[in-house]
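Colleague: Okay, here's what each chain looks like letter by letter:
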Amino acid sequence: MPSSPGGLEVPLWRSIAVFRFASLAYVGVLVLRDGHRYAHPIAAGGVLLLMLAWTGVTAAGYARPAGRRWPLLLADLGVVLAIMLATPWVIGRAALAAGVPTLTVAWLAGPVLAWAVSGGRRRGAVAALILGAADLATRERISQSSLTGVILMLLAGVVVGHVARLAVIAEERLQRAVELEAATRERERLARDIHDSVLQVLSLVQRRGAQLDGEAGELARLAGEQEAALRALIGRAGAAPVEDGDVRDLRDLLDRYASAAVQVAAPATPVPLPGRVAGELAAAVGAALDNVARHAGGRAWVLIEDEGETVTVSVRDEGPGIPEGRLAEAAAQGRLGVAQSIRGRMADLGGEVRIASAVGTGTDIELRVPRRGR
Amino acid sequence: MSIRVMVVDDHPMWREGVARDLTEAGYEVVATSGEGRQAVRVAPAARPDVVVLDLQLPDISGVAVIQGLRAALPAVRVLMLSASGEPQSVLDAVKAGATGYLVKSAAPAEFLEAVRRTAAGEPVFTPGLAGLVLGEYRRLAAGQVAPDDAAPRLTERETEVLRLVAKGLSYKQIAERLGLSHRTVQNHVQNTLGKLQLHNRVELTRYAIERGLDD
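Chains as they are written, first to last, in our numbering: chain A, 1 to 374; chain B, 1001 to 1215.
With the rest of the complex left out, here is chain B (with noise of 0.2 Å):
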């Protein structure tokens, strides 16, 4: 059975051009669009297995559409597409349950090859990406945003990996220097992420609590 994919973005031209690399490649592409709120809408139906996403759209935040993708069907993958990359919103992304980073311009095979990943189940990650999550686990735990004990801490294993990571080794050249198989190495990214959806996924409860919006 091939793959379901969902290609979100505003720009026509990119749009049809990732989707015809990726129906050549075996991909079944479900659907394609040019805004975020019709993304959502229409994911119940088209049920993509992977969405690869544009964090800049016209209408609503890459954070407002991956949550909603996700509320609609929660097994959903996304991979980000980002031109700009500015840091925030691809770290934002990520904490809202988005599982791949890659900039437009890589390669047509880097792009295929990061889908499979993605549907696969394994994190995508750019040393950019680690970098990011590296720097959001050290703001964490100095206690700049929760000075309660909830804030998630990286192993020293996990940290060790994530360097690597962002200094631009692959999962086999990090597996083979720490002497560790490919599948630990990317258990170990997979969890960096994991703990900091969660811990976000807490945060967003907590707040809504506090608010009083859960009622």
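Okay, chain A solo, but in the shape it has when bound (with noise of 0.2 Å):
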């Protein structure tokens, strides 16, 4: 998983460099306290010099991004390791039996902290494994004590793990959900400065040209199609979304249609549909509004209405209708019309299709689905 320079990972470890620290101090004052007990005091004194380069080593490795990896983290737990295997010559065996306590005591705990950050949980477990197995094989006799030490290096390095990985998801969490209102910010933005530049000259050369002859005209009724599509396109820039989990606004889907031919009629409020009634719906539209397209000379109307239980869509054209009783006899020649794969994927739905058509006055589809669908 990527992870920032700047991220929640930095403070964990600072704080790890900052334990490491505290707790060599903590090994100083023992040293200086039982010193006299050792059986090599000389060379518990660079046995502490070692531990005090080696905690400086990782406070300045750890600190930067790329020196989290393998490299650093397998030398920290191999240093620990050696120190640790070197404590029983160090202090003397009879020593560590009468109850002098070890050489690294609390600060062997650094790597587990470090492997724990670095890859959560499983990887904490691991390295407290591996040094407390060790700490166990330096001793003569196993106490409750070293034990008890044991099984808390372990806990910590598995909840320091699961921390470290919970912090990193939230940071991501948060750097996606910034992104998002940097995005919805810049689109508002476009939109204003759409709507103030482009969107106003499209819509003068379209009403200026619309009186010209000839290429001029075209090149007017061309300009009117793409402010159609940017009107559609920004118009619901300001809006709120409605996609909560797998709802969609029907709006947004059958806006998709809206060009110069197909005027889109809905409520001012989000119409919201469960996402597979709308992509049956909106697909059904687009198949009606492909067949005004063949044969009825393209113009449309698209009307969206929420009855609260049920939502209707409505398509209306002013072509040349549909005679009677062709619809039946396409079916009967086994031809799957328009109609009957509108009709097919409404009954899916639960839902139903009237078809209101006569010679000459064109052709009006309603199309009305139950909102919770089938």
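These are calculated hints, taken from the structure and not from any lab test.
None of the hints are false.
Residues from chain A shown here face chain B by an in silico Cβ test under 7 Å; the list is partial:
1) L199
2) Q206
3) G308
4) S314
The beta carbon of each residue, even a glycine, is placed where N, CA and C say it ideally should be.
Using the hints, put the two chains back together into the complex; each one sits in its own frame.
Modeller: Here it is, written out as structure tokens:
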């Protein structure tokens, strides 16, 4: 998982460094107090200096994101292991058995925390088990308190690893939210700009060119089509999206069909429908509009009505109309006309289709679906 | 006597183009303005019969302009023009008292006809506006706004007429289909707007009283 340089992980690494220095100070106090009972007191001083140097190296190394990788993590574990294994010789087995604390004490938890923050609770647990086993191996007799120490270290590895993962996930979510907000703002700014400039000019071109013949008139018509497409695109920019889980605003789906030839009328408030229902309904409207484009000159009016329990979409054209019996005839011949495919889609949703048509007055198709779908 | 028109639009090219079209067609353009506040200020002196208003102005909202104009000139009629047609702002403008709506890409002849009809007191509906008004009545009826029974309702006939307007039929086509006179169809459409505007005024007053703004 990518982690940004300024993320929530930084304070975790910093607190590990603080812990290592603090636990090292404790080690120093113990060495001063118990030094005279050690088998090799001079060597203890040397080991203490090594621990100080290694604490400095890890603090500096883990401060950079590039340092939080396997080479330093493994070296960290190796150095701490080596110091632990040197303990019986430095302190002497007799002194250890008499109750003198080990050289590393709590300092040995440093790599466990580093592994946990870098790789999560599983990695933290692995480091804790390795160091714990080494700790127990250096003792003649395994006392209750040393066992408790190992368990505590294991718990620390698991918990810190878990928290570190949570921090990374939370940070990624925050990042996504910030990006989304920036995108929304940018979209709103674009919508304002488009409205203030391009849209005005396109409207003007269409308006002025409408009276001209030939190529200029054609250009004006094209400008008008682009104007309608842009208007549909930015019209909803300020409204709150309704895409809550699997729910879609039917208006957004049907607005895409709006053009110079197709007008879409809808309520001012969202018309939420389950995603599948909205998708099927939009596909049925698309099929009806394709048919209008083929047979009825392309001019059409789409009306969206939200009746609470049901949602109705009407598609009306002013084409030649469908002669009586024409649909039944097509079905009898085994041809699956557009009407049939629309009926099929609506039947799947538990909805109904009403087609009103007469020669000369055009066709009005009403699609009504229950809100819940089926 | 020619009809007095005021044009309010922040786009200079548009403003001049519309004013020229109106003058050529025999209307008297008494004022033009690029800002809402200025429009409200000059309206009492200019005394327009019709205000052609772009909904998106740089200073104040279309609703605020309409309220200001109607406070200064109660008889003024407002025809909205809009390029982007953001649905909620169009609906709000209608509830505030605008009686007509047209998209800016409408042909000049269509525009002049709309001004004429607005001046004559006829509502100018696009199918889009009819869809918005229809949706608003359904929303009010569903009790999402006013749980008490103050919500206005459409008669069956009014709903039928409004649906046909939303489906793109002209008043003439609707009159033929339903066997009504052109005038009756027009009255039905006008009533759907009137009830919505009245409800809006009642709501505003009630809101003002609740908030203690009336004293």
